[in-house]
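Following the hints, put chain E in place on chain D, whose structure we already have.
Those sequence lines, one after another, are chains D and E. Numbering-wise, my numbering puts 90 at position 90 of the first sequence, and it's gapless, one number per residue. Converting from the second sequence to my numbering requires adding 421 to each position, the first position being numbered 1.
Some hints here could point you the wrong way.
[As the list claims (entries may be wrong)] Derived list of chain D stretches under chain E, where covered just means 3 residues or more per stretch with a C-beta under 8 Å from a C-beta of chain E:
#: 1; segment: 145-152
#: 2; segment: 242-254
[What the hints assert, rightly or not] With the C-beta cut set under 7 Å, the calculated list includes, among others, these residues of chain E facing chain D:
#: 3; residue: His-623
#: 4; residue: Arg-719
#: 5; residue: Ile-721
#: 6; residue: Asn-792
#: 7; residue: Leu-816
#: 8; residue: Glu-835
#: 9; residue: Thr-837
[What the hints assert, rightly or not] List time: in silico DMTMM-like cross-link candidates among lysine to aspartate or glutamate, alpha-carbon distance up to 20 Å:
#: 10; chain 1: E; residue 1: Lys-783; chain 2: D; residue 2: Asp-247
#: 11; chain 1: D; residue 1: Lys-102; chain 2: E; residue 2: Glu-515
#: 12; chain 1: E; residue 1: Lys-592; chain 2: E; residue 2: Glu-435
#: 13; chain 1: E; residue 1: Lys-523; chain 2: D; residue 2: Glu-404
#: 14; chain 1: E; residue 1: Lys-532; chain 2: D; residue 2: Glu-357
#: 15; chain 1: E; residue 1: Lys-532; chain 2: D; residue 2: Asp-352
#: 16; chain 1: E; residue 1: Lys-535; chain 2: D; residue 2: Glu-357
#: 17; chain 1: E; residue 1: Lys-749; chain 2: E; residue 2: Glu-737
#: 18; chain 1: E; residue 1: Lys-535; chain 2: D; residue 2: Glu-404
#: 19; chain 1: E; residue 1: Lys-783; chain 2: D; residue 2: Glu-14
No lab work stands behind these hints, which were simulated from the structure alone. Backbone N, C-alpha and C define an ideal beta-carbon position, used for all residues, glycine too.
The primary structure of each chain is shown beneath.
Number of protein chains: 2
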Amino acid sequence: MTTNLARTIEQIGERARSASRVLARATGSEKNFALEAIASHIEQSADRILSENDADLQAGTEKGLSSALLERARLTPKRIEAMASSVRSVVDLEDPVGKVLKQWSRPNGLKLSKVRVPIGVIGMIYESRPNVTSDAAALCLKSGNAVILRGGSESIRSNIALANAVGDGCKEAGLPEFSAQLVPSTERAAVTLMAQLERYIHLIIPRGGRSLIEAVTTAARMPVIKHYDGICAIYVDRAADIAMARDLVVNGKCQRPSVCNAIETLLVHEEIAPRFLPECANALWERGVELRGDDAVRQILGSRIKTATEEDWRTEFLDLVLAVKAVKNLDEAIEHIEMNGSHHSDAIVTDDRPAAEQFLRKVDSAAVFWNASTRFNDGGEFGFGAEIGISTDRLHARGPMGLEELTSYKYLVEGTGQTRT
Amino acid sequence: MTTNLARTIEQIGERARSASRVLARATGSEKNFALEAIASHIEQSADRILSENDADLQAGTEKGLSSALLERARLTPKRIEAMASSVRSVVDLEDPVGKVLKQWSRPNGLKLSKVRVPIGVIGMIYESRPNVTSDAAALCLKSGNAVILRGGSESIRSNIALANAVGDGCKEAGLPEFSAQLVPSTERAAVTLMAQLERYIHLIIPRGGRSLIEAVTTAARMPVIKHYDGICAIYVDRAADIAMARDLVVNGKCQRPSVCNAIETLLVHEEIAPRFLPECANALWERGVELRGDDAVRQILGSRIKTATEEDWRTEFLDLVLAVKAVKNLDEAIEHIEMNGSHHSDAIVTDDRPAAEQFLRKVDSAAVFWNASTRFNDGGEFGFGAEIGISTDRLHARGPMGLEELTSYKYLVEGTGQTRT
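This is chain D alone, in the form it adopts within the complex:
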């Protein structure tokens, strides 16, 4: 069984590598034509995809999956339409491949240029909704990469049906049928086998829970770009506009508490705390947020709020819970964030420009905000058009990963016979 699986994965890798060579040379219009064809094939296969999704949901019910998980996996005609239109939206994004990043000459007359090229073959391992299947395929295709997709077992049939539509679209457009392949197995071993296929796979992007990401990181021999926790903080400086600060805190915590760029920690300068905290707490309580505070905060808000534990400062609640701390000054706020945060998205609210500039410079996070919500750390909001994920790593890609982050580069050197002495 596992030998067969190993052979299957190997063959998928081989086909992907060969497809990637064709994709790397495809023109922007060829790739856009394929995206249109993929979108149409998704629409035309809607009935098929929905019936496979029914089978997935039935199998999930029999296996006793939670209703939340089943709900996430459920497809509707409207969701399928949204997937097709999401693929079409990639047509309008600029083709990153072939862009000259830099051009220069050397004293010996050599002319150099640094040019964007695709990475090659990308492995996506995910536990998310089936829309990742078509979104990842579209973004990889547009950036000239082949992709190997390994979705969650609860959506295996839906994903296969979707991947078939993607393959048909590629074929119709004259691009390789194997540009985007789905691993047709729910065995755990498939993940390990992919992680060891460095001969064919150049990058793995895992999306899912911590245990999945850790398993991939441990096993992988090729680079992995990952996203762990989002423990994000907002610091309300003594020179903050109180109404603005309240709105940013409410937005950061309540607009979508389950996502990585939502805030988990509120730091307040002790001078502004007595004026700011009651107003802010009322706005949060109205929205059902549970506050946990240190002693100074509890003195202001009363003991109806729980004491925050050491653990709370390092927890990604992903829920309507917020840990609140009073700090003596800007430095203490920065130190708290550096020691407890996850270097994802952090914000300062202040009218004091030097304080803001210090915060922006010293806080070592993928995105640092001044008078704006941490919820804006997102490829779409940054203007990247789409994102394949957010990286909490520091190498290659940090923060939202769009099409450019799915590319590598190479150097082209033109001479007139120069030799090295």
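The following block gives chain E in isolation, referenced to the frame of chain D:
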């Protein structure tokens, strides 16, 4: 013993992370002052370094190390002077940290910028001459990174003495003493322990033989930027200038055969082969090069040359040996390189611009040359000032890695109270 070593490595990691926070905020002139101080301390410690080097060489002799290895590890007053001046040369390089890479605004008024920041803590694992110790320390310092150095056991005492001089220089300049630390152990386990220290080390750069690099890649939980083989080819097109082609082949093979950007394969268009090969072969034979050819090549050069085996097309000889093949056309040359090369450095010699452009576009190597020697794939020759290595990976850094490649970036976002809806 290993428990103690684990504790030592952990402590080194902790100190490096803490030093990296200070280094990230250091100004260009602080870092330059430290580089000058390091160079002076290396000069002042010359006697000490030389006597430790004597002890290394004596231990190596007793252990029966090869004389080539001992020669590589040997330091002289002149070599120490060269190390100091190499550190000083980094002063003149532009500080990459803080550079704004991109700035833009969004329709909602958010102002974004993408700014270069250091990576953090870099682990260097190497088997090379002791000069890597001071060179890597200087480049990491200038780019605002702390570094943990793990050199070869044959140079352990020399490296400790050098690292002490580096630490003293940092301290004198008011930067952390632990900016560059040497692992004071020759145990193999130290490498594995470093590779698992993802909490403190953000990137590992191994430099050495394949087995070292594979061991690091397998064990590492953080990103690794590596350099495997350099199987480089030169393709002499039918429209090549014969004298230029001969000179480029001779330079690529003979100028320094033991390095990664030397050529191992010569591909010749069959139409030009009868005119080109005899002249080229004579120039190579004069320099003691052994040629191995396919049948077509042996028909031209005579059976005094050996038949090239399938293995020869995929071998990094690192010696005065060259595998020679006649090809039907440009496509066959490109295909041969893609299938057998190591995507490092490859060249075409031709006066036919469309052929050259096709070659430059289709050959998927870190650097692709047109009418220039592959030997130019080098940080210094590219104008980067210095390099910490050449990457054959595709993520983050490809080709020569200079100061810019030792950085990451972060996004700074300024608003006026924007919330996400």
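Open item on the list: Of the numbered hints stated earlier in the document, which are not met by this structure?
Closed with: 1, 4, 5, 10, 17
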